[in-house]
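Heads up: the sequence lines are chains A and B, in that order. Mapped onto numbering that gives the first Met the number 0, the consecutive letters of the first sequence carry residue numbers 0 to 467. Mapped onto numbering that gives the first Met the number 0, the consecutive letters of the second sequence carry residue numbers 0 to 165.
Calculated directly from the structure, the hints in this document are not laboratory data. A portion of the hints provided could be inaccurate.
What the hints assert, rightly or not - With a straight-line Cα cutoff of 30 Å, these simulated BS3-like cross-link-like pairs (lysine-lysine) come out:
1) K146/B / K4/A
2) K146/B / K231/A
3) K370/A / K83/A
4) K231/A / K137/A
5) K437/A / K83/A
6) K432/A / K137/A
7) K137/A / K437/A
8) K369/A / K137/A
9) K137/A / K146/B
10) K4/A / K231/A
11) K146/B / K263/A
12) K263/A / K370/A
As the list claims (entries may be wrong) - Residues of chain A placed beyond 12 Å of chain B at every Cβ, according to the derived structure:
13) V19
14) V92
15) I116
16) L135
17) A136
18) A153
19) T158
20) V160
21) V161
22) G166
23) M189
24) G239
25) V286
26) S287
27) R428
28) G445
Glycine included, each C-beta is placed from N, C-alpha and C at the ideal position.
Residue-level listing of the chains:
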Amino acid sequence: MPFRKLPDAPPSVHLIGPTVFLVALGVGMGESYMWPRLVLLFGPEIRWLFLIGVTLQAFVMLEMARYAMATGESIFSGAARVFKPLMWFFFVVAIAVYIWPGHLSAGAAAFEEITGIPWMVTAIAGLILVGVVFTLAKVIYNLLENVLSLLIGALVLGTAVVAAMVGSWSDVVTTITGMFSFGYLPPEAMTATWFPVIVGACAFAGPSGMQQMWYTLHLRDSGAGMGAHQPKVRGLAHAGEEEERPNRGFMFDTENADEMAKWKGWRRWVTFDAILLFWGVTMLVTVSFTVIAQSAVRLDPGVRTAIQGDDREVALSAMSNAVSSAGSTVLGTVFLGFIALIGLNATLGLFDSFSRGQADMTYNFVPGAKKFGMSRLYGIFLWGVILFGILILLFGPADGPSGILDTLAFLSTFAMGAYCVTLLLVNNRMLPKPIRPKWWTNIIIGFGAVFYLGMLFYSLFAYGVVVG
Amino acid sequence: MVGRHSLELALPGASIGAAAGAIAGGLTLLAGQSTGMAGLAALALAMPLALFGGLYSMLLGHGVFRPGTFGPVGLYWMAAFPVSRLTQEILSPTGALLEGVGPFLAYQAMIALGFAIGFLWVHERFMPHWLMRRAGDNPLAQELLDKYLRFARIVRSRRSSRKGGR
């Protein structure tokens, strides 16, 4: 890679960065629904697995950032440098898993409960709106960072205030102390019915599937580290204004003490983001939702039966009803409002991330694709997934045909184990020695690979079920 | 006119505090209560949160806090948020004090850390825009805006090397 100067790192106090995307993608059904449900079924002690899941994801985030900030390339390009089929694997998985508009329909269903507007109308209108807004945006990253920051700010402030009003000291104490009951697994958890659900919940603790890999693209577009030398992806309407894109990333002089000092500054910056924003916000939202769910069951024990079932909508309504009885009917509406907000965040984040990731791989590795330009490729993938989404909403099952759901769930979790292996290979083989990860970081990421793949295959072989 | 200038700085923090208190706090108590009681409940939370939010913005303008630094803001809200909730419980009781004032305050202080993240997150979005509007005739706003601009310049700098930057 050609050498360039590393830009100065921002002070670590700089608060808002690309983590906002990871939070928007990561704080989803896992935090608001799956983990509160497991707590109600198995007790707060089950949360030690959540603690491991989210902490692991914070380390993954830091390691994803290492390659992206050092080179200005995405992790997909890094994977291709190690072994090109590895990158194509992620290209195919992204299409297989993320074209289904399931997350959007979940948010829209919650919105229907509040307003009475049919979920399909909201979902299709939402899809078109996202497409139009991203097409007209001058620089998509800036627009999305602003919108998501406000939405997540509202979510964090709102859940904090609601939890402050409905929860109690004992709820939060059991929720938090439960996180340190390492090794707790009740007999009912080790059954074909519930173990796959626990595997799914572990994978959905924080960003799941390929979301961590997309984070490297957001880092690049936010100008972090050597990403500063890469042009931004523009909306389709402004594609003509895109600056010339270099064929490859860059590297800074790791023998130069000044450059290494700047590198350390960038690492501090991203560590601050990972610990406070990513880990802190994810933890806060899930603790708040768990506290809300616990107080809901205390007031209406019937909710426990409802959530034992597999129907997410019924369970969410039951939780909302119970929350209503804890405070007022409007409190239940607020709860559903948060679910709708989470659905909207995830939709915005996922559509952008999917298009960004696929465009990046196509631009760099499909012969002849460069002549289209990155922004046009982004637009093609964006409108492709939107049109497919509308067709599926109108004529097919939003989550995907039931026959392939298992495969998609398997692929999503498998991708997480695979990206841990990819990270180890890319960071340890492609980066210059002075900026490679430390041995103990490698052990943690290696543990991540064993954690995801191990649980997945155990579930598959012991119970014949992949992910619940 | 230092008073007016300081008060002007308070607007972003006060608005965020008021909105958080009014929207979530007010809505959660709306149903099942008379309009008057619901209004009182919303006001009882929105007012102290707005006051503390505004105070934070003012102190930021006077250099007590540094832009975007989480630690001090977390500590600030660990004190301010429980006081706000206690005020609300006294003016418009919901039964949350049944466990005792100690556990109530401890619980609120814990939740306050989460509130602080959200508050700071939104505040960092609004404050620079407000400062840009007021910098022309408010020297305090100008001074604080300069601080933000210094940070922004570092973030956006591509080639420039900051003097003394290590």
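Could you check that no beta carbon of chain B comes within 12 Å of the beta carbon of G166/A?
-> 7 Å, violated
Since I116/A was said not to touch the interface, does its Cβ keep a gap of more than 12 Å from each Cβ of chain B?
-> Fine: 19 Å to the nearest Cβ keeps I116/A off the interface.
Find the nearest Cβ of chain B to the Cβ of V92/A and say whether that gap is larger than 12 Å.
-> Per Cβ check, V92/A is outside 12 Å of chain B; nearest 32 Å; holds.
Classify the label on M189/A as holds or violated, using whether its beta-carbon is more than 12 Å from each beta-carbon of chain B.
-> 32 Å, holds
Between K146/B and K4/A, is the straight-line Cα distance small enough, at 30 Å or below?
-> 26 Å, holds
Claimed clearance of chain B by A136/A, with the beta carbon kept past 12 Å | Correct as stated: the minimum Cβ-Cβ distance to chain B is 18 Å, above 12 Å.
Is G239/A truly not at the interface, in the sense that its beta carbon sits beyond 12 Å from all beta carbons of chain B?
-> The claim stands: G239/A keeps its Cβ more than 12 Å from every Cβ of chain B (closest is about 23 Å).
Report holds if the minimum CB distance from R428/A to chain B is greater than 12 Å, and violated otherwise.
-> Given that every Cβ of chain B is farther than 12 Å from that of R428/A, nearest at about 29 Å, it holds.
Taking the minimum C-beta separation from T158/A to chain B, is that value above 12 Å?
-> 7 Å, violated
Assertion that A153/A lies outside the chain B interface [Cβ separation over 12 Å] = Non-interface label fails for A153/A: nearest chain B Cβ at 8 Å, not farther than 12 Å.
Measuring Cβ to Cβ, find out whether S287/A lies farther than 12 Å from everything in chain B.
-> 7 Å, violated
Has the given pair, K263/A with K370/A, been kept, meaning a C-alpha gap of at most 30 Å?
-> 37 Å, violated
Hints 6, 7, 12, 13, 18, 19, 20, 21, 22, 25, 26 from the earlier list are contradicted by this structure; the remaining hints agree with it.
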